[in-house]
Every structure is written in structure tokens, then in C-alpha cells.
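Just need the whole structure built from these sequences, with the hints factored in.
Just so you know, the sequences run in chain order Z and S.
Under the working numbering, the first residue of the first sequence carries the number 1, and numbering increases by one thereafter.
Under the working numbering, the first residue of the second sequence carries the number 1, and numbering increases by one thereafter.
There may be inaccurate statements among the hints.
Here's a subset of chain Z near chain S, in silico, CB distances under 8 angstroms, partners left out [said to hold, decoys possible]:
hint: 1; residue: 40
hint: 2; residue: 49
hint: 3; residue: 51
hint: 4; residue: 79
hint: 5; residue: 87
hint: 6; residue: 112
hint: 7; residue: 127
hint: 8; residue: 130
hint: 9; residue: 143
Derived DSBU-like pairs (lysine-lysine); straight-line CA-CA distance at most 35 angstroms [stated by the list, open to error]:
hint: 10; chain 1: Z; residue 1: 33; chain 2: S; residue 2: 219
hint: 11; chain 1: S; residue 1: 360; chain 2: S; residue 2: 32
hint: 12; chain 1: Z; residue 1: 378; chain 2: Z; residue 2: 320
hint: 13; chain 1: S; residue 1: 35; chain 2: Z; residue 2: 25
hint: 14; chain 1: S; residue 1: 296; chain 2: Z; residue 2: 173
hint: 15; chain 1: S; residue 1: 296; chain 2: S; residue 2: 35
Using C-beta positions, here's what the derived DEER-type ranges look like [to be verified]:
hint: 16; chain 1: Z; residue 1: 180; chain 2: S; residue 2: 284; range: 34 to 44 angstroms
hint: 17; chain 1: Z; residue 1: 30; chain 2: S; residue 2: 284; range: 16 to 26 angstroms
hint: 18; chain 1: Z; residue 1: 180; chain 2: S; residue 2: 49; range: 43 to 53 angstroms
hint: 19; chain 1: S; residue 1: 401; chain 2: Z; residue 2: 84; range: 31 to 41 angstroms
Please keep in mind that the hints were generated in silico from the structure rather than gathered at the bench.
Where a beta carbon is used, it is the ideal one built from N, C-alpha and C, also for glycine.
Here is what each chain is made of, one letter per residue.
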Amino acid sequence: MNNKKFYGLTALFNTPNEIIKAAKKLSSEGYTKFDVHTPYPLHGMDDAMRLKPSKLGYITLFFGLSGAALALLFMYWTMSIDYPMVIGGKPFFALPAFIPIAFEVTVLLATLSTVIGMLTFFFNFPNNNHPLIGTDYLRSVSVDKFGIAIESDDEKFNNTAVRAMFGSLGAVKVEEIYYPDTETFPLFQKKFIFLLLTFAVITSGTTYFVLNKLMFMQPFSWMMLQDKLIPQEKSEFFADGFGMRVPVEGTIARGHKPYEFKGEVNPSSFLINPIVPSKESMMLGKKKFLTFCSPCHGNFADGDSRLRGQFPNPPTLHTKRVRDMVDGQIFHIITNGQNIMASYASQTSVEERWAIVNYVRALERAKNATQSDLDEIKKESAANGK
Amino acid sequence: MNIDYTIEAPVVEGRLTIGEIEQLVAAPMETKPDKKFYIALSISGSFLLFGAVLLALSFYKGIGLWGNNQPVGWGFPIVNFVFWVGIGHAGTLISAVLFLLRQKWRTGIARFAEAMTIFAVICAGIFPIIHTGRPWLAGYLFPYTSQHGLWVNFSSPLVWDVFAVSTYLTVSFVFWYIGLIPDFAVMRDRTSTKIKKTIYSTFSLGWRHSHRNWQHYEKAYMLLAGFATPLVLSVHTIVSFDFAVSILPGWHSTIFPPYFVAGAIFSGFAMVVTVLVFVRKIFDLEHIITLNHLEKMNKVILATGMMVGYAYGMEFFIAWYSGVEVEQFVFVNRAFGPFAWAYWIMVSCNVLIPQLFWFKKIRRSVPVMLIIVIFVNVGMWFERFVITVTSLHRDFLPSSWGYFTPTIYDIGILLGSFGLFFTLVILFTKALPVVSISEVKAVAEGAQPSHGGTH
Chain Z
1 MNNKKFYGLT ALFNTPNEII KAAKKLSSEG YTKFDVHTPY PLHGMDDAMR
51 LKPSKLGYIT LFFGLSGAAL ALLFMYWTMS IDYPMVIGGK PFFALPAFIP
101 IAFEVTVLLA TLSTVIGMLT FFFNFPNNNH PLIGTDYLRS VSVDKFGIAI
151 ESDDEKFNNT AVRAMFGSLG AVKVEEIYYP DTETFPLFQK KFIFLLLTFA
201 VITSGTTYFV LNKLMFMQPF SWMMLQDKLI PQEKSEFFAD GFGMRVPVEG
251 TIARGHKPYE FKGEVNPSSF LINPIVPSKE SMMLGKKKFL TFCSPCHGNF
301 ADGDSRLRGQ FPNPPTLHTK RVRDMVDGQI FHIITNGQNI MASYASQTSV
351 EERWAIVNYV RALERAKNAT QSDLDEIKKE SAANGK
Chain S
1 MNIDYTIEAP VVEGRLTIGE IEQLVAAPME TKPDKKFYIA LSISGSFLLF
51 GAVLLALSFY KGIGLWGNNQ PVGWGFPIVN FVFWVGIGHA GTLISAVLFL
101 LRQKWRTGIA RFAEAMTIFA VICAGIFPII HTGRPWLAGY LFPYTSQHGL
151 WVNFSSPLVW DVFAVSTYLT VSFVFWYIGL IPDFAVMRDR TSTKIKKTIY
201 STFSLGWRHS HRNWQHYEKA YMLLAGFATP LVLSVHTIVS FDFAVSILPG
251 WHSTIFPPYF VAGAIFSGFA MVVTVLVFVR KIFDLEHIIT LNHLEKMNKV
301 ILATGMMVGY AYGMEFFIAW YSGVEVEQFV FVNRAFGPFA WAYWIMVSCN
351 VLIPQLFWFK KIRRSVPVML IIVIFVNVGM WFERFVITVT SLHRDFLPSS
401 WGYFTPTIYD IGILLGSFGL FFTLVILFTK ALPVVSISEV KAVAEGAQPS
451 HGGTH
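Written out as C-alpha cells, the structure is:
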């Protein structure tokens with residue numbers, strides 16, 4: 001009569017007792033691809049249909065535990081590693097204070113995963129294209145009838161035998177169900193795509209407007225528009241019209257005391273090295289030497305410039321003349337400059353310059369090591385087990 | 001009288017058939033709204049609009065328009081927040097805790113109470129956000145990677161609050177939606193208009209009433225109820241931590257979590273009764289939301305009301321017993337100081353008036369219970385007012401004592417939140433089934449198989 005694809009046979013019953021009986025019969029006869037449709041869950045139907053217990057709880061357990069673990073790890077990371085801060089004298093990892101949030105995240109993740117897992121993974125929803133939807137059968141089941149449906153895919157399916165069985169069980173109505181004519185893919189309908197596009201345009205437009213325009217309008221902008229002068233602003237109050245004020249004459253910035261021996265040749269008698277060499281100050285000196293001095297003087301102060309003749313090579317610092325200089329003179333040269341070498345006072349602090357001096361001294365001693373130095377090193381290496 | 005207490009009274013009265021139940025519940029959605037509906041909507045809408053205008057003015061001018069000022073920095077916004085979160089607790093309690101306790105009578109009222117939970121939490125969520133004065137910066141409340149390299153302080157109760165309330169809203173919403181799916185399918189199969197059918201089909205997700213689905217569905221419902229039960233207890237506990245974790249006398253108290261939870265259930269049930277009294281009358285649901293339902297809720301109100309009363313007494317006892325002078329001062333000041341009027345409104349509405357529910361006649365009389373539950377609502381609002389304001393207005397330093405006076409903006413925004421709540425409730429009664437169709441069908445007489453031993 002028609003060439004639609006056959007889905008299966010359905011039967012309607014009037015009472016819950018009949019449907020339980022029918023489900024028991026079908027499962028005992030060995031049908032597997034059948035389903036019972038009832039307006040509300042019936043007690044005892046799980047056994048009648050011989051359904052295995054739901055495995056949904058495993059999803060809940062897994063995501064609930066991961067929620068707790070993730071929340072605790074995240075709070076541990078933020079509060080102890082990424083931005084440690086002492087709060088109320090508590091330890092960085094204050095477990096009691098983290099419990100409320102760990103609990104809430106556990107509940108949230110467990111609940112959402114259970115519901116989403118059930119709807120998509122267990123039910124295959126959304127599924128409005130199912131052949132049963134829109135049939136009279138489903139409409140009756142929706143109100144107060146109790147229905148049973150056997151799919152034609154079932155191995156034991158036989159149209160006449162199933163009909164006879166339904167009849168003997170007392171079915172009030174038996175109906176054949178077919179798949180819908182053509183499979184429609186609502187996702188690719190023009191209307192739907194247009195709807196999506198509209199949403200995209202509205203969302204991005206609103207976001208753009210809110211973030212780039214609205215936040216700069218009153219009253220949202222009132223945090224930015226305050227009655228005060230900000231740098232570079234004009235001011236009617238001051239005679240010169242500048243909002244910014246020049247500091248009082250003679251003001252010096254913190255840590256930037258002017259160099260009092262500027263332009264002098266050798267003030268080294270006034271400059272005493274204040275730094276006792278330590279590992280930290282040596283490492284600081286090395287870092288600053290490699291940053292500022294090594295481009296011309298070479299990594300080991302050999303005068304082997306890395307600038308390939310773009311700037312004249314300075315002499316090596318391992319000459320007797322340099323080795324005989326007092327620390328103060330080297331400091332003065334770095335600070336003041338010498339010949340064509342410029343001053344490095346603005347790039348380095350006083351402390352850093354003294355550290356560089358110490359490092360240069362170490363380089364000089366290493367390049368001109370005596371036998372006693374070597375003995376000392378050997379002794380030390382032996383003590384360290386190398 | 002010879003009553004056999006071993007036989008459970010039928011949950012659904014009037015011997016309704018399953019089809020009639022569906023007909024009754026679906027009727028409001030299938031008929032055009034009448035004049036009364038529009039009158040109710042316009043009243044609640046006016047309140048909402050009034051509140052919205054005052055709120056907009058507060059945003060524009062700043063929250064200096066409110067009564068909050070030193071020393072009472074937490075005025076109406078926090079009072080209203082705690083009040084509305086409390087109202088929300090009844091829904092989850094009815095839908096989750098009573099589900100786990102196998103109380104069949106919950107089916108008639110669960111849907112409505114859940115909806116009220118969601119609406120109340122929406123109302124509640126507004127207040128802490130507007131209290132900041134810059135609600136558009138509320139995103140900073142969540143931990144996100146920012147250019148500042150900063151994180152929220154996870155050991156602060158205010159951040160716990162953000163997590164608790166937003167989790168509560170999400171879980172309540174999911175719980176509510178899960179319950180609605182079969183009812184959406186029922187409505188899909190009832191309706192014939194194309195637009196309605198599309199909407200119901202979309203939300204029903206293709207539900208087929210299949211028992212293979214029901215099996216997982218029931219499991220999921222149980223799991224969700226199992227999670228929602230500790231959740232509902234945790235939410236008001238965490239709200240009470242906002243107060244209890246501070247060191248202010250009158251707030252710094254270990255009784256706060258159970259006291260707040262009991263108060264929340266108390267006020268929530270009172271609000272559910274207030275609204276259901278009207279709903280069952282207007283939509284002819286007297287056989288589904290029966291007098292027995294209301295009586296049981298009144299019993300819960302009586303029980304939780306006495307818990308709250310016990311907490312009031314115990315606070316005084318501990319203040320005396322602890323021997324802390326400041327604590328003693330705060331409580332004497334609470335009962336006999338400048339805010340004594342608020343304290344005695346609270347005590348009489350929450351402790352004294354609900355005692356009338358000891359009488360069966362009063363528990364079963366609709367007009368009397370309506371008056372009592374309205375008193376309870378008022379009393380519970382004043383409880384939050386007393387806790388917040390009286391503890392703040394006189395602290396350790398007498399030179400900074402002051403009095404709190406709300407402005408028209410405070411009161412208007414409070415009325416606006418009631419407007420929002422009732423507008424949402426009124427729209428809900430026309431848009432969605434106010435009673436869970438499939439759940440009520442399942443507890444109707446003769447709905448379950450009669451053979452023994454399976455349940």
C-alpha cells in the first residue's frame with residue numbers, strides 16, 4: 001500500500017496491570033527490541049522488562065569526584081603557587097576554608113554531568129524525528145493509555161504472530177508505525193541558518209556595543225571621569241597652563257644620587273669598594289657585565305668585541321695597567337666613561353657597578369691564575385668529591 | 001473518633017481519573033488569559049517598574065541615595081538578599097528532601113515550589129550585585145584569568161556565597177527542567193497550533209514516555225535529589241557565614257548556620273502557602289493541591305518556627321553564659337535599644353503567631369492560615385533586618401554609634417523585588433504546568449499496578 005519504511009507494531013492497553021503482564025510476556029518470549037510507553041513510570045516495570053539497573057550513577061560519581069579534585073587543585077594553585085598571599089594568618093593551603101567551594105563545585109559538576117549525560121548519551125536527545133512522535137499511539141500514551149511497541153528489527157519479529165499475541169493480551173488498539181517520508185535535516189534549512197546568523201550578528205553587535213561604547217557612557221564612565229588632574233592634562237589653574245608640575249629645584253629621585261666626581265680623571269682615593277664579594281653579588285655582577293660590558297669588552301674581558309668593527313675595539317682588561325688599578329678607578333670609568341666609552345650611570349645602579357667591578361676582578365684573576373690558585377681549586381674539588 | 005492511621009489518605013482528592021488530572025493542569029495554558037490575570041499582572045508589573053526606575057536612578061546617581069551609611073553599611077540590600085535566598089529554600093526542600101523521604105504529597109506542590117525557588121533566587125541575586133554600586137563589574141566575582149594576575153580570595157565567605165548561590169540557581173533550574181520534560185511532551189501531544197507545538201517539541205527534546213527512558217530518568221531524579229539536599233542546607237549555611245565568620249558581636253556565633261537554615265525553610269514554606277492559597281482557588285486545583293497539603297505545610301511552619309524561636313532564646317542564653325560584656329550589650333540593645341520595635345515585630349510574627357497552628361481548625365482554615373503566613377513573611381524579613389542592622393548600628397566604639405533610616409529608594413527597590421517575583425510567578429502560571437502532570441498521575445488512585453511485592 002505504501003513504500004514507507006516499516007518501524008514496528010504498537011499496541012495500547014487500558015490498565016497498568018495489563019501492560020505489566022504484556023511486558024513480562026514479551027521479555028519471556030525473548031523479544032529484545034521492544035519498549036513500553038507509559039504516561040508516568042510504573043512500579044515493577046524494570047523487572048517485567050528485565051532491564052539492567054541504570055548505569056547513570058557512574059557518570060555522577062566520576063564527575064562529582066573530578067569536581068572536588070579540580071576545585072581543590074585550582075584553589076591550591078591560585079592561593080599557594082600563582083599568587084600566594086597570607087590571609088587572616090591562615091596557611092596558603094587553608095583546607096577548611098576551601099571546603100565550601102569544593103563542595104559547591106562537586107554538586108554543580110555532578111548534577112550537570114548527570115543530566116547532560118542522561119539526555120545525550122542515554123536518551124540520544126534531542127530526537128524529535130523519532131517515528132513514534134506525532135502518532136496517535138504516542139498521543140494516547142501521553143494522556144492515560146499504556147502502550148507497548150516492538151520494532152521490526154527484532155530478530156523474532158513476525159507481523160502476524162505479534163498481532164495475535166497483542167490480541168490475546170487484551171490490547172485495545174494495534175497500530176503500524178512507519179518512518180517519516182523523507183529524512184529532514186532541520187540544521188540545514190535556510191530558516192534555521194538565517195536564525196543562527198541573526199543570533200550571531202545580534203550577539204557580536206551587542207558585545208561590541210557594550211564593551212566599546214556603553215562602558216564609556218554615563219554613568220558607567222564615572223569611574224574614569226573624576227574631578228582631578230591626570231598626567232598630560234591642561235589646567236586653567238596654573239599660569240603656564242600645564243596640569244603636570246615640575247618638581248622643586250634640586251629634587252632628586254630616590255636611588256639616583258648625582259655622581260659627584262663627574263669629569264674628573266682619577267678620584268679613586270675617595271671611592272672605596274663597599275661590597276664584600278658574595279655569590280649573589282658575583283652573579284649580579286656577571287649578569288650586568290654580560291649585558292652592558294661584554295658587547296665591546298668580550299665575554300671574558302679579552303677585548304674581543306662582538307660588534308665586528310662597527311665600534312672600535314677596546315683593549316683587553318687583563319693588562320697589568322688595568323690589574324693595577326684600584327677598584328675605585330674602574331668604578332669611576334664605568335660611571336663617568338673614558339675616551340670614547342660612554343657613561344653607564346643611567347643603565348646601572350651604584351650597587352650593580354660595584355658588583356661589575358668585583359666580577360671584572362674575578363675575571364682578571366682567572367685569566368692570570370697562579371699555581372697556588374690552581375692548588376686551591378684542586379683542593380676544593382677534592383673536598384666536594386669531584 | 002476512630003481513625004485508622006495505617007491507611008494513607010489519598011493524595012489526589014475527588015477520585016479524578018488520570019485524564020481529568022491532565023485536563024485540569026493543562027487548562028490554564030489552553031485558555032486565553034482573563035481580565036483577572038491582566039489585573040494581577042498589571043499590579044505586580046507596576047511594582048516591578050517602580051523598583052526598576054528607582055534602581056536606575058540609584059545606578060545613575062550612585063547608591064548614596066540609599067540609607068546605608070556608617071556605621072550601618074549593610075542595609076536593605078543585604079537584608080533583602082538573605083530574605084529572598086531564604087524564600088527559595090522551600091522549593092528544593094519540597095522537591096528534593098521530601099522526595100528522599102518518600103512523601104507522596106510533595107507531587108502536588110513540588111513544581112510550583114521549585115519555580116518559586118528559581119524566582120526567589122533571581123530576586124536574591126540582584127541585591128548583592130546592586131549593593132556594589134557598579135553591577136556591570138560583577139564579573140570580577142568569578143575567578144578568571146585577568147591581566148591583573150589576581151584571583152578572587154577563595155577563603156572569603158563572600159566568594160563562597162557567589163559559588164553557593166550560583167550553583168543553587170543552576171541546580172534548581174536543572175532540577176526543574178528535568179521535571180518539566182515529560183510535561184512538555186504531554187503539552188506537545190495535546191496542542192494543535194503550530195507555534196505552540198514547535199515550542200513544546202523543542203523543550204520536550206523528543207520525550208516519548210518510554211520506560212527505557214523512565215528507568216534512567218527516575219535514577220537521575222534520585223541522584224539530583226541526593227545532591228540538592230545537602231546543597232539546600234549548604235546555601236543558607238554559607239549565607240550565614242557572611243555574618244558568622246566576621247568578629248562582630250551579634251554576628252560571630254556558631255548557632256547561625258542551623259538557625260539560618262531553619263529560618264529559610266520557615267519563610268520559604270510561608271511564601272509557598274501564601275501563593276498556593278490563591279493558585280489552587282484561581283485555577284480550580286483544589287483536588288490536586290488539597291487542604292491536606294496546606295495543613296502539612298502549616299505543620300512544617302509550626303516546627304521550623306519553634307526552631308527559630310529556640311535560636312532567639314539560645315542567642316540570649318549564650319550571650320549571658322559566655323560572660324562577654326560586648327555580646328551581652330548587643331543582645332540587650334537588640335531587645336530594648338532603639339531597634340526594639342523591629343525585634344518585637346520579629347518575635348511576635350515568628351514565634352508567637354505561628355503557635356496558633358497547634359489548633360487543627362486553624363491549620364485547616366484557609367483565610368486564617370493566609371493571615372498567619374503573611375505575618376510569618378513579615379516577621380522573617382524583620383529577622384534579617386534585626387540581625388543585620390542592630391548588630392552594626394552600635395559596635396565597640398560608642399563614638400561611632402548611629403541609627404539606620406531607610407530612604408524611599410530602599411523601600412521602593414524592596415517593593416520592586418516583590419513585583420519581579422510575583423510577575424514571574426503570574427507569567428509562570430500561564431506558561432507552564434503549575435503542577436507536575438506525570439508525577440501527580442503516578443500517585444492518583446489506581447495508577448500503579450495492583451500486584452503486590454514489587455514496591
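How the hints compare with the structure:
no. : hint                                : result
1   : 40                                  : 4 angstroms, holds
2   : 49                                  : 6 angstroms, holds
3   : 51                                  : 6 angstroms, holds
4   : 79                                  : 6 angstroms, holds
5   : 87                                  : 5 angstroms, holds
6   : 112                                 : 7 angstroms, holds
7   : 127                                 : 4 angstroms, holds
8   : 130                                 : 6 angstroms, holds
9   : 143                                 : 5 angstroms, holds
10  : 33(Z) x 219(S)                      : 22 angstroms, holds
11  : 360(S) x 32(S)                      : 39 angstroms, violated
12  : 378(Z) x 320(Z)                     : 26 angstroms, holds
13  : 35(S) x 25(Z)                       : 54 angstroms, violated
14  : 296(S) x 173(Z)                     : 43 angstroms, violated
15  : 296(S) x 35(S)                      : 33 angstroms, holds
16  : 180(Z) x 284(S): 34 to 44 angstroms : 39 angstroms, holds
17  : 30(Z) x 284(S): 16 to 26 angstroms  : 49 angstroms, violated
18  : 180(Z) x 49(S): 43 to 53 angstroms  : 48 angstroms, holds
19  : 401(S) x 84(Z): 31 to 41 angstroms  : 39 angstroms, holds
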